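Trainee: These protein sequence lines are chains A and B, in that order. Heads up: the first sequence is residues 7 to 124, going by this note's numbering. Heads up: the second sequence is residues 3 to 117, going by this note's numbering.
Just so you know, these hints were derived from the structure itself, not from any lab. Remember, it's a predicted structure, so these values are computed and weren't measured experimentally. Errors might be hidden in some of the hints.
[As the list claims (entries may be wrong)] Derived pair list, reagent style BS3-like, types lysine-lysine, alpha-carbon separation capped at 27 Å: (1) K46(B) <-> K79(A); (2) K64(B) <-> K53(B); (3) K79(A) <-> K9(A); (4) K9(A) <-> K46(B); (5) K29(B) <-> K46(B); (6) K121(A) <-> K9(A); (7) K76(A) <-> K46(B); (8) K53(B) <-> K73(B); (9) K121(A) <-> K22(A); (10) K46(B) <-> K73(B); (11) K64(B) <-> K9(A); (12) K64(B) <-> K121(A).
Listed below, chain by chain, are the residues.
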Amino acid sequence: AQKITQTQPGMFVQEKEAVTLDCTYDTSDPSYGLFWYKQPSSGEMIFLIYQGSYDQQNATEGRYSLNFQKARKSANLVISASQLGDSAMYFCAMREPGVTGGGNKLTFGTGTQLKVEL
Amino acid sequence: NAGVMQNPRHLVRRRGQEARLRCSPVKGHSHVYWYRQLPEEGLKFMVYLQKENIIDESGMPKERFSAEFPKEGPSILRIQQVVRGDSAAYFCASSPPTGGGEKLFFGSGTQLSVL
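Please take these sequences and the hints and turn them into a complete structure.
Mentor: In structure tokens form, the structure reads like this:
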């Protein structure tokens, strides 16, 4: 069974500072995908960044980057230059490999609540 | 928001009533997924559908829950005889028929409250 672990229930960061949100995963399959989503207080799920297990380079999307350490099975999200609008719940998720029909069946972590302070 | 439309945004039902949640995927997407989020938890997979087919329903409760994705129209998640434990946020997501696996677009969710 796939497993995603987010050990930080809550994090605080000062505006304009960088912050790292931790995510470790457990799978025996060599092919998988890792996602990060942001969920603000309004409730929607916003896609941030994706990393494939065979990708040679760490994924980046604007101020978001994924620190992918395959041997350690970690996929930490780094947010640079934090903004007040970054305050939200952040979820790490892994796509299960070999899903029938090629679909995106995701297993989610329990999330990290990030609060950006002035 | 990448175009997945869910309605209603909020749904209140009394115990024993039926709840119908609707999801229109991104145009061109033929794969639809339903997830449930209980308070203070992450999302849990419920069901994966393609047009007119249920591909994987391993996360669906065995009773009272059903889902469909007809040839025409939105995907529907139906919960019969709702109980208080069904209160949760229900999210729909969609992805393209080929490739595009790196993105899964979610709707804004339906918050179901059972009184």
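Trainee: Hint check: K53(B) vs K73(B), CA-CA at most 27 Å. Holds or violated?
Mentor: holds, 6 Å
Trainee: What's the verdict on K79(A) and K9(A), does the C-alpha distance respect the 27 Å limit or exceed it?
Mentor: Holds. K79(A) to K9(A) sits at ~11 Å (cutoff 27 Å).
Trainee: Would you check the hint for K64(B) and K121(A), treating anything up to 27 Å between C-alpha atoms as holding?
Mentor: The given pair, whose Cα atoms are some 39 Å apart, is violated under the 27 Å limit.
Trainee: Given the hint that K121(A) pairs with K22(A), test it: the Cα-Cα distance must not exceed 27 Å.
Mentor: holds, 12 Å
Trainee: Holds or violated: K121(A) with K9(A), Cα cutoff 27 Å?
Mentor: The given pair, whose Cα atoms are some 25 Å apart, holds under the 27 Å limit.
Trainee: Check whether the Cα positions of K64(B) and K9(A) lie no farther apart than 27 Å.
Mentor: At roughly 23 Å apart (the allowed maximum being 27 Å), K9(A) and K64(B) satisfy the hint.
Trainee: Given the hinted pair K46(B) and K73(B), is their Cα-Cα distance within 27 Å?
Mentor: holds, 26 Å
Trainee: Are the Cα positions of K9(A) and K46(B) separated by 27 Å at most?
Mentor: holds, 12 Å
Trainee: Take the C-alpha atoms of K29(B) and K46(B), compute the straight-line distance between them, and say whether it is at most 27 Å.
Mentor: holds, 24 Å
Trainee: Tell me if the straight-line CA distance from K76(A) to K46(B) falls inside 27 Å.
Mentor: Holds. K76(A) to K46(B) sits at ~25 Å (cutoff 27 Å).
Trainee: Take the C-alpha atoms of K64(B) and K53(B), compute the straight-line distance between them, and say whether it is at most 27 Å.
Mentor: holds, 22 Å
Trainee: For K46(B) and K79(A), compute the direct alpha-carbon distance and say whether it is at most 27 Å.
Mentor: holds, 21 Å
In this structure, the one hint that does not hold is number 12.
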